[in-house]
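Chains A and B are the protein sequences, given in the same order. Just add 259 to wherever you are in the first sequence, counting from 1, and you've got this note's numbering. Just add 129 to wherever you are in the second sequence, counting from 1, and you've got this note's numbering.
Bear in mind the hints are in silico, worked out from the structure with no lab data behind them. Among the clues, some could well be false.
Unchecked claim - Computed cross-link-like contacts, DSSO-like style, restricted to lysine-lysine with a CA-CA straight-line distance of at most 27 Å:
no.: 1; chain 1: B; residue 1: K222; chain 2: A; residue 2: K370
no.: 2; chain 1: A; residue 1: K393; chain 2: B; residue 2: K135
no.: 3; chain 1: B; residue 1: K142; chain 2: A; residue 2: K384
no.: 4; chain 1: B; residue 1: K142; chain 2: A; residue 2: K381
no.: 5; chain 1: A; residue 1: K384; chain 2: B; residue 2: K135
no.: 6; chain 1: A; residue 1: K393; chain 2: B; residue 2: K301
no.: 7; chain 1: A; residue 1: K280; chain 2: B; residue 2: K396
no.: 8; chain 1: A; residue 1: K462; chain 2: B; residue 2: K148
no.: 9; chain 1: B; residue 1: K135; chain 2: A; residue 2: K381
no.: 10; chain 1: A; residue 1: K359; chain 2: B; residue 2: K301
no.: 11; chain 1: A; residue 1: K381; chain 2: B; residue 2: K148
Stated by the list, open to error - For the chain B half of the interface with chain A, some residues (derived, Cβ under 8 Å), not all of them:
no.: 12; residue: L139
no.: 13; residue: I262
no.: 14; residue: L402
Said to hold, decoys possible - Chain A is nowhere near these chain B residues, computed Cβ spacing over 10 Å in every case:
no.: 15; residue: V173
no.: 16; residue: N175
no.: 17; residue: I258
no.: 18; residue: F271
no.: 19; residue: K396
Source: prediction; values computed, not measured. All residues carry an ideal CB built from backbone N, CA and C; glycine is no exception.
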Amino acid sequence: MAILSINDLTKNYGRIRALDKVSFSVPPKTVFGILGPNGSGKTTLLGIIMDVTKASGGTYTWAGEQMAANDFRKKIGTLLETPNFYHYLSGEKNLRIAAKIKGRGEGDIEKVLRIVNLYERKDSKFQTYSLGMKQRLAIAAALLGDPDILVFDEPTNGLDPAGIAEIRELIKQLYKQGKTIIMASHILDEVEKVCTHVAIIQKGVLKTVSSVAELMNAGSANAGADVLIDISAADNAALKSIIEQLAGVASVTAVDGELHLVCTENITGEMVNRFCFEKGIVLNKLSVKRKSLETRFLEITGRQSDK
Amino acid sequence: MTDLLKIEWLKIKNYTAFKVMTIFFVVGVFALNYIIYTVNKNIVNNVPGAGLVSFSPYNFENTWQSTSYATGFILLLPSLLLLMLFTNEYTFKTHRQNIIDGLSRQQFIGVKVVMAFIFALVATLLVVITALIFGLASGTTFSLHGIVFVGYFFLKAVSYNLIAILFSVLVKRTGFAIGIFFIYLGSENIVSQLLNVLSMKMKRDSGTDLGNIGDYLPMNAADALLEFPDNPIKSMSKAIMPSDYTWLVFALALAYLVIFYIWSRRKFISVDL
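Assemble the whole structure, with the sequences as input and the hints as a guide.
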């Protein structure tokens with residue numbers, strides 16, 4: 260039974276179509292990433308399922324929604340886009356309001372403030388917080404009441420590298436505890452590191468949806484070509500003409516003074532190195548990558564950024 | 130609803146503007162009435178002959194009406210506070226957050242409307258206390274004559290507060306909303322005055338008496354129900370004035386309340402937040 264099912268969700272802003280008949284469902288106990296470039300409709304989508312944005316068409320259903328939609332939202336921890344709090348109230352008082360709305364006791368407040376390392380600043384007014392602290396307070400609010408479902412929109416936005424690592428670790432822990440996490444991000448690395456499932460959206464259109472493992476394995480444009488190797492030598496032109504003769508090299512492109520090879524699964528770095536050396540070329544760079552989410556993402560969305 | 134009100138209380142109890150405006154309003158109500166009380170007393174005591182046509186606004190005969198009327202002048206304070214509290218939610222985007230956290234849109238706008246009534250009720254209570262104090266100070270015997278004006282005051286307070294909510298929902302930005310609120314009040318007053326002059330002309334020229342047409346406008350309907358008690362000067366001008374259709378103005382004021390409410394609610398429930 261899916262935690263969330265979305266059917267043909269459409270949203271128009273005037274003549275702009277921000278979402279175009281998007282459908283997918285989120286399986287329970289997954290980290291479900293919604294991935295897309297800036298302006299692709301991720302936030303609009305999350306806004307609709309949280310009832311702050313009205314859909315122009317289509318429906319969504321939360322798991323077993325026998326209760327009123329707003330009562331169901333009380334059981335979801337959410338962080339949408341920017342942290343929204345009363346500027347003139349302290350962090351703790353802001354959480355009290357959130358706890359009251361969610362119908363939770365105040366017992367949780369200290370715990371969540373400690374999780375996000377804000378306990379020492381709990382009595383400072385929200386307006387005195389740095390961007391990172393604001394974001395952490397928002398995450399604290401989302402954790403109130405230990406919800407089973409969490410919805411995060413760009414959760415590491417505005418955090419420093421240590422903060423980013425902490426939040427990713429937190430998300431992994433939540434996943435291990437059996438929670439379902441729906442997370443929008445434009446940071447591929449983030450999705451690759453923490454998500455189990457991914458939906459890719461571009462210009463409001465759902466491009467693909469699957470588990471991350473499946474997505475990595477199923478290359479559409481060059482099926483079977485799963486190893487990426489970057490090489491360079493003193494004379495790249497000569498290198499190019501030689502390496503093209505190696506069986507298993509599907510394509511060679513020169514980029515920024517190095518050659519990017521797309522190879523079949525059986526090619527290893529050692530084979531490339533030996534082949535070149537035997538042909539009289541010494542490599543000064545050799546780096547082997549598995550096909551990353553980034554390459555899959557670029558294959559799916561194209562290399563141009565959305566304008 | 131109790132829980133919703135508790136949430137609102139958490140929002141406002143540490144809000145500086147709330148404390149400041151509450152003090153201004155409470156002090157303002159007493160001060161304003163005290164000034165009128167003292168000025169009138171001085172005239173009666175010191176101007177020769179004034180005692181003959183004397184009229185005391187704070188005798189128990191008049192105190193309910195006078196206090197309600199005078200306090201009406203600073204009724205903008207609570208409605209401005211309400212407008213600030215509501216537009217703050219838009220500024221901080223907490224209207225979104227509250228919904229995300231689990232309020233329904235109906236609950237969010239509903240509790241604001243209830244707050245409008247509570248603010249009006251508190252202001253009315255203040256009027257009752259003030260009227261009582263000055264009535265007792267005037268040394269006359271207790272009477273409830275003219276108590277209906279306290280009811281009109283309540284109606285006017287609710288009107289101001291609900292229109293503040295409507296402007297909040299429509300305009301969203303605090304400064305902008307306050308500006309437009311004042312511009313609207315000002316222009317409606319001017320239009321109302323013009324219409325009233327027209328009514329007077331119509332009565333004089335053709336004998337058609339439709340009452341004061343200007344009083345039928347949204348804010349003026351609530352205002353018009355509250356008048357200063359009849360006094361010698363006012364009775365002199367009565368002859369040329371069109372009739373007071375109190376019942377009509379009252380009905381219109383009520384109708385406008387319903388319109389403000391439905392309009393705000395519908396707007397808040399149907400749009401992207």
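Practice prompt. Could you tell me which of the hints above the structure violates, numbers in ascending order?
Written response: 8, 13
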